[in-house]
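Number of protein chains: 2
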Amino acid sequence: MTGATAPGAKAPGTAGLTLIFTGNGKGKTTSALGLAFRALGHGFPVAIIQFIKGSWKYGELEAAKSFAGLLDFHVMGKGFTWKSDNLDEDIKTAQDAWKFAKETILAGHHKLVILDELTYLITYNMVEESEILAVIARKPQGMHLVITGRNASAGLIAHADLVTEMQEIKHPYKKGIKAQKGIEF
Amino acid sequence: MTGATAPGAKAPGTAGLTLIFTGNGKGKTTSALGLAFRALGHGFPVAIIQFIKGSWKYGELEAAKSFAGLLDFHVMGKGFTWKSDNLDEDIKTAQDAWKFAKETILAGHHKLVILDELTYLITYNMVEESEILAVIARKPQGMHLVITGRNASAGLIAHADLVTEMQEIKHPYKKGIKAQKGIEF
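Respectively, the protein sequence lines represent chains G and L. Residue numbering for the first sequence follows my numbering, beginning at 274 and increasing consecutively. Residue numbering for the second sequence follows my numbering, beginning at 274 and increasing consecutively.
The set of hints was computed from the structure by calculation and includes no laboratory data. For clarity, every value in this text was computed on a predicted model and none was experimentally measured. The reader is advised that the hints may include incorrect statements.
Pairs count within a copy or across copies, as identical chains cannot be separated in the list.
As the list claims (entries may be wrong) - List of simulated lysine-lysine pairs, DSS-like, C-alpha gap at most 27 Å:
no.: 1; residue 1: Lys451; residue 2: Lys412
no.: 2; residue 1: Lys451; residue 2: Lys372
no.: 3; residue 1: Lys443; residue 2: Lys454
no.: 4; residue 1: Lys454; residue 2: Lys338
no.: 5; residue 1: Lys412; residue 2: Lys365
no.: 6; residue 1: Lys375; residue 2: Lys412
no.: 7; residue 1: Lys375; residue 2: Lys338
no.: 8; residue 1: Lys375; residue 2: Lys365
no.: 9; residue 1: Lys454; residue 2: Lys365
no.: 10; residue 1: Lys454; residue 2: Lys375
no.: 11; residue 1: Lys338; residue 2: Lys372
no.: 12; residue 1: Lys443; residue 2: Lys365
no.: 13; residue 1: Lys365; residue 2: Lys451
no.: 14; residue 1: Lys454; residue 2: Lys412
no.: 15; residue 1: Lys412; residue 2: Lys443
no.: 16; residue 1: Lys443; residue 2: Lys338
Here chain G stands alone, though its shape is the one from the complex (with noise of 0.2 Å):
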């Protein structure tokens, strides 16, 4: 089952990375973001899929509209905040969004695909990590995948080709600084 993405699988340079962003610091949405300019820069398709509303904010959302065409944004489970009083309708939403992802990552349109804010499915036991990780080995050829979120589980680690984890070592909230516009939305 892992072998689609295990070292010797691979043809270096062809068959695209698997990136994991994690930790508990700030970055890890952030760097994605700048990985897909990156990728619209060379104009490659870039399909951004949130599983969490509002991680990303108003600045990349005006920004992304230089790229009509070349970016699909989507962002999943309207109000979906993981607070529901339901727990079946959750995991149905989780499963919802999940479903799309899936369909996006095997239609092989785009370049790059990220999935923010993905863990959480995993950690909340909305989706099976197995079924995910299937997914992650079936991804076409030459696509990269983009994974964010807290706490990503090992089966995710395992699977990607390169991990950081964003450690906070300092925080402005904190201190009582609130939001700044441009750089936290």
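Following the hints, position chain L against chain G.
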């Protein structure tokens, strides 16, 4: 000397933040790039000053062209690789680069100034840490600074509002996979 960046001296939400992305993992410059696009999306003027040639790549340079007029991009020290045989020349190049950065910050034209790989100037004793900290403390009201690079010095960390350490957990180069277009450049 540290008064201007001490929490008590700041009017929350107006003073602007100093952010540091450090550590040995991928995502430092990419996060800064993401913040640049976020700010550009707001229509804020942004300056990127690159202290080591090559850390910003073709993809983002192309993407940046969409924001001509708002984004000032400066590559300091042509061919400045930190590997010259002439130490005096290296120091001169680094100090000239820093002087330009200082003038850009104090001019106050930009809402966000990114000092990419600045940490090396301190690490290699090219520019005094105290000189850099003094400029950070004097940055104009409302300007955000982002500093990237490995081994951020203790003084830089003490003066920053937000510090994230990007820790490498896994890197594809170690598996013999080549740099990937649209991801690494």
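Tested hints:
Taking the shortest alpha-carbon separations for Lys451 and Lys412, only the inter-copy value of 19 Å comes in at or below 27 Å, while the best intra-copy value is 40 Å. For the homomeric pair Lys451 and Lys372, neither the shortest alpha-carbon distance inside one copy (36 Å) nor that between copies (31 Å) is at most 27 Å. With identical chains, the CA atoms of Lys443 and Lys454 are at most 27 Å apart within one copy only, with a shortest distance of 19 Å there and 33 Å across copies. In this assembly of identical chains, Lys454 and Lys338 lie within 27 Å of each other by CA distance both inside one copy and across copies; the values are 19 Å within and 23 Å between.
Within a single copy, Lys412 and Lys365 get their C-alpha atoms as close as 24 Å, which meets the 27 Å cut-off; across copies the closest is 49 Å, which misses it. In this assembly of identical chains, Lys375 and Lys412 lie within 27 Å of each other by CA distance solely inside one copy; the values are 9 Å within and 46 Å between copies. For the homomeric pair Lys375 and Lys338, the shortest alpha-carbon distance inside one copy (25 Å) is at most 27 Å, but the shortest distance between copies (33 Å) is not. In this assembly of identical chains, Lys375 and Lys365 lie within 27 Å of each other by CA distance solely inside one copy; the values are 15 Å within and 53 Å between copies.
Proximity of Lys454 to Lys365 under the C-alpha cut-off of 27 Å is found in neither arrangement, the shortest distances being 34 Å within a copy and 36 Å between copies. Taking identical chains as interchangeable, the C-alpha atoms of Lys454 and Lys375 lie at most 27 Å apart only when they sit on different chains, with a minimum of 23 Å there against 33 Å within one chain. In this assembly of identical chains, Lys338 and Lys372 lie within 27 Å of each other by CA distance solely inside one copy; the values are 26 Å within and 35 Å between copies. For the identical chains of this complex, Lys443 and Lys365 are neighbours neither inside a copy (36 Å) nor across copies (33 Å), given an alpha-carbon limit of 27 Å.
For a Cα distance limit of 27 Å, the shortest separation of Lys365 from Lys451 qualifies neither inside one copy, at 34 Å, nor across copies, at 39 Å. In the homo-oligomer, the alpha carbons of Lys454 and Lys412 lie at most 27 Å apart only across protomers (17 Å), although the nearest pairing inside one protomer, at 36 Å, exceeds that limit. Proximity of Lys412 to Lys443 under the C-alpha cut-off of 27 Å is restricted to the inter-copy arrangement: shortest distance 20 Å between copies versus 37 Å within a copy. In this assembly of identical chains, Lys443 and Lys338 lie within 27 Å of each other by CA distance neither inside one copy nor across copies; the values are 32 Å within and 33 Å between.
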